[in-house]
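Number of protein chains: 2
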Amino acid sequence: MSADPARVEIIALAGLPEIQAGDDLAALIGDALAATPGALPLAPGDVVVVTQKVVSKAEGAVVDLRTVEPRPDAVTWAERWDRDPRAIEVVLREARRVVRMEKGVLITETPQGFVCANGGVDASNVGPASGDLVTLLPVDPDASAAGIRAALRTRFGADLAVVISDSFGRPWRWGIVDVALGVAGLHPLEDLRGVPDADGRVMKTTVRAVADEIASAAELALGKTAGRPVALVRGANPPLGEDSIQSALIPADTDLFR
Amino acid sequence: MSADPARVEIIALAGLPEIQAGDDLAALIGDALAATPGALPLAPGDVVVVTQKVVSKAEGAVVDLRTVEPRPDAVTWAERWDRDPRAIEVVLREARRVVRMEKGVLITETPQGFVCANGGVDASNVGPASGDLVTLLPVDPDASAAGIRAALRTRFGADLAVVISDSFGRPWRWGIVDVALGVAGLHPLEDLRGVPDADGRVMKTTVRAVADEIASAAELALGKTAGRPVALVRGANPPLGEDSIQSALIPADTDLFR
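Top line first, the protein sequences correspond to chains A and B. By the working numbering, the letter at position 246 of the first sequence is numbered 228, and the numbering carries on one by one without gaps. By the working numbering, the letter at position 256 of the second sequence is numbered 238, and the numbering carries on one by one without gaps.
One or more hints might be untrue.
[Claimed, not checked] SDA-like mimics (lysine to any residue), calculated; alpha carbons at most 20 angstroms apart, straight line:
| hint | chain 1 | residue 1 | chain 2 | residue 2 |
| --- | --- | --- | --- | --- |
| 1 | B | 85 | B | 5 |
| 2 | B | 85 | A | 238 |
| 3 | B | 85 | B | 59 |
| 4 | B | 85 | B | 57 |
| 5 | A | 85 | B | 232 |
| 6 | B | 85 | A | 232 |
| 7 | B | 85 | A | 236 |
| 8 | B | 85 | A | 189 |
| 9 | A | 85 | B | 175 |
| 10 | A | 85 | A | 65 |
| 11 | A | 85 | B | 239 |
| 12 | A | 85 | B | 57 |
| 13 | B | 85 | B | 68 |
These are computed hints drawn from the structure, not numbers from a lab.
Bound conformation, chain A alone (with noise of 0.2 angstroms):
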């Protein structure tokens, strides 16, 4: 188990351009650390939180949807909720399974294992002039993560964990919620249960997904609108280890709300 930590800083990087389609992401993320006043040097616990947009652009996880025939289903279904048809066409490609298509909102589940609105296919922040591309989400945002990591370890000498995160609706509350796609370095989950609460009590439940709450604390840094994808995450001294973001996932046949 982590440390408890009293405080926690959240630093939005600066200086990261544009990304293309084959950049070294984590050289700029690299260069971005360097250039952030108090980002360097690394502290144990230090989590690097990236966007997804950022890793789907680098590795070209983008959708030109000029280039997309959409099904008849597809055509259908966005006429009759304001949608385009050729990026529902790519929602539903992607799809290992629909969960919900219906009042305008289609929910699937990625490839990854992901459930979340759209699949994850994403038209905001693509590049400038962008009208018709998409961004699917990262291939394997695991190895993302540890790709960036390993760089930056390599770069600075010093360890550190990575985060890659994108935004989710939920169930019953409306807006989004930045939450944890990818990971290296840490544990996802910290399994509290066994360890005595502030009062000596056996806690039966309490499993913190930290990796989701550190994504959302590193989007109160970033925002939405202001160009900035790549945060540091200090203080927050997750459980550190190798592990994946298939642990924090519900399967398919365990999970109430399929």
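Go by the hints and put chain B onto chain A.
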């Protein structure tokens, strides 16, 4: 819309005693702010995040299970899933509706409109030697937040926002994250629809659940076992104004996961 911050700081407040029914929680939080290095003076956009448990305890929203006679259905279900039938009875009494009651998981909609496991009824951290005590949610968490805000404004002569937080599970992902139960002085959502993104494209669907993200960020500094129930979140600069957490709740007839 709020200014876009580049740094956010989360400070767990020092020095809160064990909270008892009838305690002046706002006064104790004020003392803790004064006792925590760097917390004062309050800065514009500061948010004090108070976890549900201490609010419920101060307000006397506590039930002694020794006074509860469970209905037969509660006894049967509790025995099957190794739960306390008296706690199940309390959850069912409080519930506006039962959303799911299967596989040992009981999810209800509370009188306040929250959909959560066990209706927010919780046995951990209730007090020393408290084997038979559980907390209920505060009756009106917005009012709880408003009361704390008003007292702190008067004491320190500066405005601030207050969020009452609690830990909720989510469909599809393991673990719990802190979300907002009540707000005072801020809007729980920041609606960026119609605002240009970093590329000048008008964003169609982005509504940030900023109060929930602030609650999650605070949890990173508070942890679950450390006896620290209040945090100051500085620099997130949420949209300020008079509002209610009800703004963030999807009505049952609109939700896709009833």
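Numbered hints the structure breaks, given as an ascending list: Hints 1, 12 are the ones this structure does not satisfy, whereas the remaining hints hold.
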